[in-house]
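Colleague: In order, the protein sequences belong to chains A and B.
Its first residue numbered 1, the first sequence is counted upward by one per residue in the working numbering.
Its first residue numbered 1, the second sequence is counted upward by one per residue in the working numbering.
It should be emphasised that the hints constitute simulated quantities derived from the structure, not laboratory data.
Please note that the accuracy of each hint is not assured.
Any copy will do: because identical chains look the same in the list, a pair fits if it lies in one copy or spans two.
What the hints assert, rightly or not - Here are the simulated DSS-like cross-link-like pairs (lysine-lysine), alpha carbons at most 30 angstroms apart as the crow flies:
| # | residue 1 | residue 2 |
| --- | --- | --- |
| 1 | Lys109 | Lys78 |
| 2 | Lys196 | Lys109 |
| 3 | Lys35 | Lys125 |
| 4 | Lys243 | Lys215 |
| 5 | Lys125 | Lys215 |
| 6 | Lys243 | Lys230 |
| 7 | Lys105 | Lys366 |
| 8 | Lys50 | Lys339 |
| 9 | Lys125 | Lys109 |
All figures in this text were calculated on a predicted structure; none of them were measured in a lab.
Protein chains: 2
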Amino acid sequence: MNVSIIAIGDELLIGQVIDTNSGDIARHMAPAGWKVNDVQVVADSPQAIKSAIARAFETSDVVLTTGGLGPTKDDITKQVMCEIFGGEMKESPEVLANVMEVMEKRGLKLNDLTAAQAIVPTSCKVIQNRVGTAPIMWFEKGSKVLVAMPGVPFETREMFTSEVFPMLCRRFKTDVNISHRTMMVCDISESLLATKLDEWENALPPYLHLAYLPKPGLIRLRLDGQHRDKDMLEMEMDRQYAKLRELTGEHFLADGDLTPAEILLNALAEHGLSLATAESCTGGNIAHMITSVPGSSVAMKGGVVAYSNEVKHALLDVDNDTLARFGAVSIPVVEQMSKGACNACRADIGIATSGIAGPGGGSAEKPVGTVCIAVSTPKFTISHTYHFPGDRQRVIDRASTTGLIMAVKAVRELQAANDAPA
Amino acid sequence: MNVSIIAIGDELLIGQVIDTNSGDIARHMAPAGWKVNDVQVVADSPQAIKSAIARAFETSDVVLTTGGLGPTKDDITKQVMCEIFGGEMKESPEVLANVMEVMEKRGLKLNDLTAAQAIVPTSCKVIQNRVGTAPIMWFEKGSKVLVAMPGVPFETREMFTSEVFPMLCRRFKTDVNISHRTMMVCDISESLLATKLDEWENALPPYLHLAYLPKPGLIRLRLDGQHRDKDMLEMEMDRQYAKLRELTGEHFLADGDLTPAEILLNALAEHGLSLATAESCTGGNIAHMITSVPGSSVAMKGGVVAYSNEVKHALLDVDNDTLARFGAVSIPVVEQMSKGACNACRADIGIATSGIAGPGGGSAEKPVGTVCIAVSTPKFTISHTYHFPGDRQRVIDRASTTGLIMAVKAVRELQAANDAPA
Numbered sequence: 001m002n003v004s005i006i007a008i009g010d011e012l013l014i015g016q017v018i019d020t021n022s023g024d025i026a027r028h029m030a031p032a033g034w035k036v037n038d039v040q041v042v043a044d045s046p047q048a049i050k051s052a053i054a055r056a057f058e059t060s061d062v063v064l065t066t067g068g069l070g071p072t073k074d075d076i077t078k079q080v081m082c083e084i085f086g087g088e089m090k091e092s093p094e095v096l097a098n099v100m101e102v103m104e105k106r107g108l109k110l111n112d113l114t115a116a117q118a119i120v121p122t123s124c125k126v127i128q129n130r131v132g133t134a135p136i137m138w139f140e141k142g143s144k145v146l147v148a149m150p151g152v153p154f155e156t157r158e159m160f161t162s163e164v165f166p167m168l169c170r171r172f173k174t175d176v177n178i179s180h181r182t183m184m185v186c187d188i189s190e191s192l193l194a195t196k197l198d199e200w201e202n203a204l205p206p207y208l209h210l211a212y213l214p215k216p217g218l219i220r221l222r223l224d225g226q227h228r229d230k231d232m233l234e235m236e237m238d239r240q241y242a243k244l245r246e247l248t249g250e251h252f253l254a255d256g257d258l259t260p261a262e263i264l265l266n267a268l269a270e271h272g273l274s275l276a277t278a279e280s281c282t283g284g285n286i287a288h289m290i291t292s293v294p295g296s297s298v299a300m301k302g303g304v305v306a307y308s309n310e311v312k313h314a315l316l317d318v319d320n321d322t323l324a325r326f327g328a329v330s331i332p333v334v335e336q337m338s339k340g341a342c343n344a345c346r347a348d349i350g351i352a353t354s355g356i357a358g359p360g361g362g363s364a365e366k367p368v369g370t371v372c373i374a375v376s377t378p379k380f381t382i383s384h385t386y387h388f389p390g391d392r393q394r395v396i397d398r399a400s401t402t403g404l405i406m407a408v409k410a411v412r413e414l415q416a417a418n419d420a421p422a
Numbered sequence: 001m002n003v004s005i006i007a008i009g010d011e012l013l014i015g016q017v018i019d020t021n022s023g024d025i026a027r028h029m030a031p032a033g034w035k036v037n038d039v040q041v042v043a044d045s046p047q048a049i050k051s052a053i054a055r056a057f058e059t060s061d062v063v064l065t066t067g068g069l070g071p072t073k074d075d076i077t078k079q080v081m082c083e084i085f086g087g088e089m090k091e092s093p094e095v096l097a098n099v100m101e102v103m104e105k106r107g108l109k110l111n112d113l114t115a116a117q118a119i120v121p122t123s124c125k126v127i128q129n130r131v132g133t134a135p136i137m138w139f140e141k142g143s144k145v146l147v148a149m150p151g152v153p154f155e156t157r158e159m160f161t162s163e164v165f166p167m168l169c170r171r172f173k174t175d176v177n178i179s180h181r182t183m184m185v186c187d188i189s190e191s192l193l194a195t196k197l198d199e200w201e202n203a204l205p206p207y208l209h210l211a212y213l214p215k216p217g218l219i220r221l222r223l224d225g226q227h228r229d230k231d232m233l234e235m236e237m238d239r240q241y242a243k244l245r246e247l248t249g250e251h252f253l254a255d256g257d258l259t260p261a262e263i264l265l266n267a268l269a270e271h272g273l274s275l276a277t278a279e280s281c282t283g284g285n286i287a288h289m290i291t292s293v294p295g296s297s298v299a300m301k302g303g304v305v306a307y308s309n310e311v312k313h314a315l316l317d318v319d320n321d322t323l324a325r326f327g328a329v330s331i332p333v334v335e336q337m338s339k340g341a342c343n344a345c346r347a348d349i350g351i352a353t354s355g356i357a358g359p360g361g362g363s364a365e366k367p368v369g370t371v372c373i374a375v376s377t378p379k380f381t382i383s384h385t386y387h388f389p390g391d392r393q394r395v396i397d398r399a400s401t402t403g404l405i406m407a408v409k410a411v412r413e414l415q416a417a418n419d420a421p422a
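All chains, full assembly: derive it from the sequences and hints.
Modeller: What follows is the structure, given as structure tokens:
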């Protein structure tokens, strides 16, 4: 089934807000065989919304809009839908009751503007928004469907997954099977990897396709397949994926579409190990990436954001002489930091970073982007100095990802050492 | 000048990658009076790219594409451009030299695929990509311009700002002046705020416009103006902005388009205060938000990610009896955590969080979303228990933003107390 998404809002076109809704929707639909043809981001203007809808219906059976449903003046989507699909604007008692309930839960009072959320075109079927005040509207035109959803990412994610998508699946059916296999690969450039995989990729059957999805410090490889014969498709997918895994060799990191934090938490769980962090230049981002994963508290004991040298000494027991002699951005210091984190938090594995994220603070010897990373285990400590390109955010991201991947490798090495005959 | 942006890539349409380039481009162009009409996100398909370009040229003088320029098979943008703008595909010695230089800087070897980056349509003018291997291509058709840029956000941001946009500004000129004023507002719903501002908003001159840009826990209000008469425009903008600030009253948080971390760092700098964090449920996110700001090391001493109770006790000196009696998610515990952070890191202001981010761990008494936050100063400690809606990420975001805003208020209150006559 073909889908077009339209994200509505002036704020998206001046770059003050990033459209994450389209990605959330697409990510949820793709595995079920729905194809997002395109996304259009348009202004809060009746003419722009109307042409986008007309265009979307040219190629797609289902059009999903997000945004433009807020209670304020600049949100005009509802009126535009009424002009396109007919009917009149009328207050819905059910929607009003829902709006009042949502406002009450939030401890807020109903006012005229919020109450106006209950006025909807009579041509739509309303889907009650359990987590916000803007009602979701389902319109039909011939065999085609348009669903208008709010712009607040949390509301759209919640309501699309629980209500809108199940309704769409009931309304439209398909007999083509879709299959995906994803793996994470590291320590290789996209082009070198492509050279390695070229021959195999050219020999793939026409219903299989490989996509390269590079992220800072990592490449996701996704094998996609589409076929009516489900068993045959799955068998071929398994066969080709096994081949791909062989070809990626030592660059293979993990099966599945996982974040580096998830890969690490899985490795820790497998071996019953706990974790602590000691972050200088990454400033808490590694801990944040780990603790964003539900259930991370099983392995994650805690960490120290050691931004100042005093904190490195006081909380991580980094030797003041070492700090003075080698500087905060040095291998001896990060190694002490990572051991210090393990001691302070009583954890098995420690990850430590110290570097120059920029834009200031660089020198000829240690330019912006220089980051020392160490991972300590009960048996050994590994460490390395990196030079990451890019701006502050990119250096922080790359250093965080690299630290997590180093820890994954250290856990595997530790396990191999433990498994080895004495 | 009107602009259309086209983001190219299958990965964008299955939601594996979020298009942040359009936002970066728009954010950079808007203040200079360039208007992004729309953004189209399309697949790596010649037909989709061609129709998107045709559509974009219908309404815009400048079309910017991002993505589809990688060295791998699925990137076909270059060939499509050659079909549209004519000429033939030919290796450019200058581009090849640049590709070799970039690869060398990264410590990588040139291979056939990367070398193929140097093959470009003869119909384009190449802009050398200093930070990546995909060349940037400038095409002209009559009075219109299309610039094809890479999809890697860092490369696009860097090259658009330093080369592409200055070239566009030289090529196109305009005599309409654009002006923006942004303020941050908190502790009020979007609809209640709109009710408060309704009368004033209706009386705005037609060349001024107010936009509401809600973020979790905050609302950005942006006043936009466009006029040929620059002095008159600026005067009227100042006048209306002052009025707006008056109307927002106690909900006004700060002037400018700033993150909560930036607002806090400004307040700390103004009063020469230092900061430490003690995070349980936010898991390092507050420290990350602070340290993402360049120069944050002036105020930020460090912090503790106190995920386990042992770490709360060992590093933050939280009393074990208090933990046992009130539980980790309690006002007495966060208050001790925030004081503990100040002591451990020798900082003036401490921010502490402890809560249940979910999806697990909730109870009838303390459901998922319950978060205790405390801010301590040398003179007093403030604390509060919140109930945030939404999933894990949203609870973490809201708690982090709320902690930062509480700290801003505490710093101002501290200053007011210090300023008061003894």
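Colleague: Hint by hint, say whether it matches the structure.
Modeller: Consistency of the hints with the structure:
1. Lys109 <-> Lys78: within (23 angstroms within a copy, 55 angstroms between copies)
2. Lys196 <-> Lys109: between (62 angstroms within a copy, 14 angstroms between copies)
3. Lys35 <-> Lys125: Close inside one copy (24 angstroms), not across copies (35 angstroms); limit 30 angstroms.
4. Lys243 <-> Lys215: Result: close within a single copy only, 23 angstroms intra versus 46 angstroms inter.
5. Lys125 <-> Lys215: between (41 angstroms within a copy, 29 angstroms between copies)
6. Lys243 <-> Lys230: Within one copy, since 20 angstroms is at most 30 angstroms while 65 angstroms is not.
7. Lys105 <-> Lys366: Answer is between: at 16 angstroms across copies they meet the 30 angstroms cutoff, but 53 angstroms inside does not.
8. Lys50 <-> Lys339: Answer is neither; intra-copy 61 angstroms and inter-copy 56 angstroms both fail.
9. Lys125 <-> Lys109: within (27 angstroms within a copy, 59 angstroms between copies)
Violation of the numbered hints given earlier is confined to hint 8; every other hint is satisfied by the structure.
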